[in-house]
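Engineer: Residue numbers (this note's numbering), protein chains in the order written: chain A, 29 to 132; chain B, 307 to 503.
One or more hints might be untrue.
What the hints assert, rightly or not - Quick list of in silico lysine-lysine cross-link-like pairs, DSS-like style, CA-CA up to 25 Å: (1) B/LYS345 x B/LYS405; (2) B/LYS347 x B/LYS404; (3) A/LYS106 x A/LYS69; (4) A/LYS103 x A/LYS132; (5) B/LYS345 x A/LYS65; (6) A/LYS132 x A/LYS95; (7) A/LYS69 x B/LYS405; (8) A/LYS65 x B/LYS404; (9) A/LYS107 x A/LYS95; (10) A/LYS132 x A/LYS107; (11) B/LYS347 x A/LYS95; (12) A/LYS103 x A/LYS65; (13) A/LYS69 x A/LYS101; (14) A/LYS95 x B/LYS479; (15) B/LYS347 x B/LYS479; (16) A/LYS109 x A/LYS65; (17) A/LYS103 x B/LYS405; (18) A/LYS69 x B/LYS404; (19) A/LYS95 x A/LYS109; (20) A/LYS65 x A/LYS106; (21) A/LYS95 x B/LYS345.
No lab work stands behind these hints, which were simulated from the structure alone.
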Amino acid sequence: MTILWSVLILAGLGLLFGTALVLFGVLFHVQEDERIKEVEKLLPNYNCGACGYAGCHQMAENLVSGKEPMVSKCKPGKKDKNYDPIIAYLSTHPDPDGTVHVPK
Amino acid sequence: MILNYLAAFVMAIISYALIDNVILSRFYGICSFIGVGNKVKSSLCMGAAVSFVIVMAAAICYPLYNFLLVPAGVAFLDTIAAILVIACLVMVVGLVMKKFLPALYQSLGIYLPLITTNCAVLGVVSENIASNLDFGMAMANAVGTSLGFTLVIFLYACIRVRLEASSTPKAFKGIPIALVVASLMAMAFMGLQGIGA
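The shape of chain B in the complex, shown without the other chains (with noise of 0.2 Å):
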């Protein structure tokens, strides 16, 4: 039965971080994916900074729901309760971020503050709720998903360093071919949907 259950919870990881991807399938998240995608350094801890957002806010938004908000009979108020969380978990962030790591509080720059509204994040949140996800399912979408926004970003600030060092054609340069890039990056991606069948 447990067994059971941790495999569940290991498949649907790897579903939400590579199959289901949430920026290369289910295109969320995509501001902060072309925004801070072209330094690798800065990409990484973008990942960093959105996985924590990300886990801590399913794990808050479930009880939350569940327990306050659906025994009180208002159910409705789970975006704006959760948008609450998001936000205050992002100020936290960045106040942390900027006690500690000042050069990369000034890196990320305004691309940290948009955490807050960066849909990948309420998009997990919603996502749990809408499909009676339970505790530990919530869990495996909030893990698999910063893993894969982590990934992808991760991935495409390589390509794009790797890009800037190559000679483009004019009419392409800095953000059009980025966004050429993306898209092949979602048609490989797509290419691990037949897996979970």
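Next comes chain A alone, as it looks inside the complex (with noise of 0.2 Å):
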């Protein structure tokens, strides 16, 4: 009884607050620039901090808008696998004004 209460509790408050948070996501929803997520998602996503900033997304954020020129900040990440994609992707992605910013 005790682990069936426990399991029924649990997964009910998973489930309630679950539904809450999409909710407030809808809800408080911030239009952000496409690029963003296509340079975080090239990222290894570790969120491991070591770049300086407080994760990936924050990091992918820098890149774009070319506030970070340097895209070998992200310790963990490979020339072949993280660092070439981001250049090639943003080097033919350019801001919607026309500019471009490479990061090294």
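Given two chains presented individually in distinct reference frames, assemble the corresponding complex, making use of the accompanying hints.
Structural biologist: Structure representation (structure tokens):
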């Protein structure tokens, strides 16, 4: 009985809070540059913080905006798996006004 | 009767905020205290975010524990249920802040999601459960703790801003002198401890 109740209660709470979070996520959705998501996918996504940013998402934001000129700040990244694809992606996807920020 | 309770409520808030201060006497939530306590504005916002999470977590966890976990005979799930509530609240705070205060979201950085593991929040919830407080006293604990947290992190940030402008010996620059300041503040707050008795 104890096990059944534990599972039921925790699953119920998880479902409740999960639904609430999805609702809040939709309600407070922030429109973001689509390139940030693409660059984030090309990063290792360890969220290790070795680059000095709070996580891969913030690193991707700064790479896309050109505030971070060095993609090699990403320590666990590999040249052929992460750096080169990001450089290739960003050199073919300029800002809306045409500026290209290509990191090194 | 009501007046007595009200007086006890106010006394509890003062006691939790000043005499048993969450950071300087109970030593909870040091991580964000040291991490964010170097800018006055971000320290105040951190205080507000943590206060919101503490008060909401205490308000949600009290009925959750007393009316769901205890009747179902699974009171031992209190910690994991509290963590679930806290994590959800922090996510909501993060989402709202990202939408309406993006600059602040940036400046708090990793310390915002880290409120989830801020022991001040879980500490309040488990203290409320462990000392069998009623709902009013549990809320007094939550409000007092969050006031104390905000007050101390704000004072600390003010001192650290002044310290940055003054010439400290090279070996003490940055975090070392900040830790010395924290210990001096803890000693000052210890002086309040005789008041309750």
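Engineer: Now, for every hint given, state plainly whether the structure supports it.
Structural biologist: Against the structure, the hints come out as follows:
Restraint check: the Cα-Cα separation between B/LYS345 and B/LYS405 comes to about 22 Å, which is no more than 25 Å; the hinted pair holds. Taking the CA atoms of B/LYS347 and B/LYS404, the gap is about 17 Å. The hint holds against a cut of 25 Å. Distance restraint check for A/LYS106 and A/LYS69: the Cα-Cα separation of roughly 14 Å lies within the 25 Å cut-off, and the hinted pair is therefore satisfied. Distance restraint check for A/LYS103 and A/LYS132: the Cα-Cα separation of roughly 14 Å lies within the 25 Å cut-off, and the hinted pair is therefore satisfied.
Annotation: proposed proximity of B/LYS345 to A/LYS65 is violated, straight-line Cα distance about 31 Å (limit 25 Å). Distance restraint check for A/LYS132 and A/LYS95: the Cα-Cα separation of roughly 12 Å lies within the 25 Å cut-off, and the hinted pair is therefore satisfied. With a C-alpha separation of about 22 Å, the suggested pairing of A/LYS69 with B/LYS405 holds against the 25 Å cut-off. At most 25 Å may separate the alpha-carbon atoms for a hinted pair to count; A/LYS65 and B/LYS404 meet this at roughly 16 Å.
Note on A/LYS107 and A/LYS95: the hinted pairing holds, with a Cα-Cα distance of about 20 Å set against a maximum of 25 Å. Distance check on the hinted pair: A/LYS132 and A/LYS107 sit about 11 Å apart at the alpha-carbon level, within 25 Å; holds. For the proposed pair B/LYS347 and A/LYS95, the alpha carbon gap of about 24 Å is at most 25 Å, so the pair holds. Annotation: proposed proximity of A/LYS103 to A/LYS65 holds, straight-line Cα distance about 20 Å (limit 25 Å).
Taking the CA atoms of A/LYS69 and A/LYS101, the gap is near 16 Å; set against the 25 Å cutoff, the hint holds. Under the criterion of a C-alpha separation no larger than 25 Å, the hint pairing A/LYS95 with B/LYS479 is inconsistent with the structure, at around 28 Å. Only pairs whose Cα atoms come within 25 Å are accepted, and B/LYS347 paired with B/LYS479 is accepted, the gap being roughly 22 Å. A C-alpha spacing of about 17 Å is found between A/LYS109 and A/LYS65, which places the hinted pair at or below 25 Å, so the restraint holds.
Distance hint between A/LYS103 and B/LYS405 is unfulfilled; the C-alpha atoms sit about 30 Å from each other, more than 25 Å. Between the alpha carbons of A/LYS69 and B/LYS404 the distance comes to roughly 21 Å, so the proposed pair stays at or under 25 Å and holds. Distance check on the hinted pair: A/LYS95 and A/LYS109 sit about 22 Å apart at the alpha-carbon level, within 25 Å; holds. Between the alpha carbons of A/LYS65 and A/LYS106 the distance comes to roughly 19 Å, so the proposed pair stays at or under 25 Å and holds.
For the hint pairing A/LYS95 with B/LYS345, the CA-to-CA distance comes to about 23 Å; that is within 25 Å, so the pair holds.
Of the numbered hints given earlier, the model fails hints 5, 14, 17; all others are met.
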